[in-house]
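All chains, full assembly: derive it from the sequences and hints.
The numbering of the sequence shown is this note's numbering, which starts it at 1 and goes up by one.
Hints listed in this document are in silico derivations from the structure and should not be mistaken for laboratory results.
Do not rely on the hints blindly, as some may be mistaken.
[Claimed, not checked] Calculated pairs, DSS-like style, for lysine-lysine (alpha carbon to alpha carbon, straight line, at most 30 Å):
#	residue 1	residue 2
1	61	34
2	53	86
3	86	34
4	93	34
5	61	93
6	53	93
7	86	61
8	34	53
[Stated by the list, open to error] Beta-carbon label-pair distances, calculated as ranges:
#	residue 1	residue 2	range
9	30	122	20 to 26 Å
10	143	103	26 to 32 Å
11	81	30	21 to 27 Å
Glycine included, C-beta positions come from ideal geometry on N, C-alpha and C.
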Amino acid sequence: MATSPEIDPSDSRAQREVEAVMLRRLEERNPTWKRLAWQEAALGLGLPPIWQKAVPDAVWKTECGETIVVEAYSRIGQLTAGHRRKLAMDALKLLGLRHALSSVANARYLLLVPDELVESLRGDGWFPAALSLAAELVSVTLAPEEREQLHQASARQAQGQARLKRLGDGRAT
Numbered sequence: 001m002a003t004s005p006e007i008d009p010s011d012s013r014a015q016r017e018v019e020a021v022m023l024r025r026l027e028e029r030n031p032t033w034k035r036l037a038w039q040e041a042a043l044g045l046g047l048p049p050i051w052q053k054a055v056p057d058a059v060w061k062t063e064c065g066e067t068i069v070v071e072a073y074s075r076i077g078q079l080t081a082g083h084r085r086k087l088a089m090d091a092l093k094l095l096g097l098r099h100a101l102s103s104v105a106n107a108r109y110l111l112l113v114p115d116e117l118v119e120s121l122r123g124d125g126w127f128p129a130a131l132s133l134a135a136e137l138v139s140v141t142l143a144p145e146e147r148e149q150l151h152q153a154s155a156r157q158a159q160g161q162a163r164l165k166r167l168g169d170g171r172a173t
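Structure below.
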């Protein structure tokens, strides 16, 4: 009898799937945006080769010629240090692209998050302030089944982290 393969606790496939849905929802809210392949957009914007490797989650061009560069983040619930690190890396990528494209005045940088996270990413602390330097915070509503998918993935990832800590040095043997 065949058994389903065990999912690695660190697998972020669920988050990537929900991020794709979030990007589709953003696109549906903005029907005049035209989605671009990153390589096409990067070359068209004249990005140096090193920045062409900093691939964002999505890029669009608007009817008025504005370039929209987006990173999506699909975790929900209390932000752990690892979650904040992931958000910081997304923001750093957008900040780097913003700097590399500083001559492109008609560009927007968006950090796309679930509605549930917006309040925790706004405020007076240094982390929300730093995120706002990199990008505009935009949210989308998740369906109940998408929230459940993320809850299950987070629980599985937390169990995997706990297992690694029990092993002593954080590395599986």
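task = Check each numbered hint from earlier against the structure, then list the numbers of those it violates in ascending order.
result = Checked against the structure, the hints that fail are numbers 10, 11, while the rest are satisfied.
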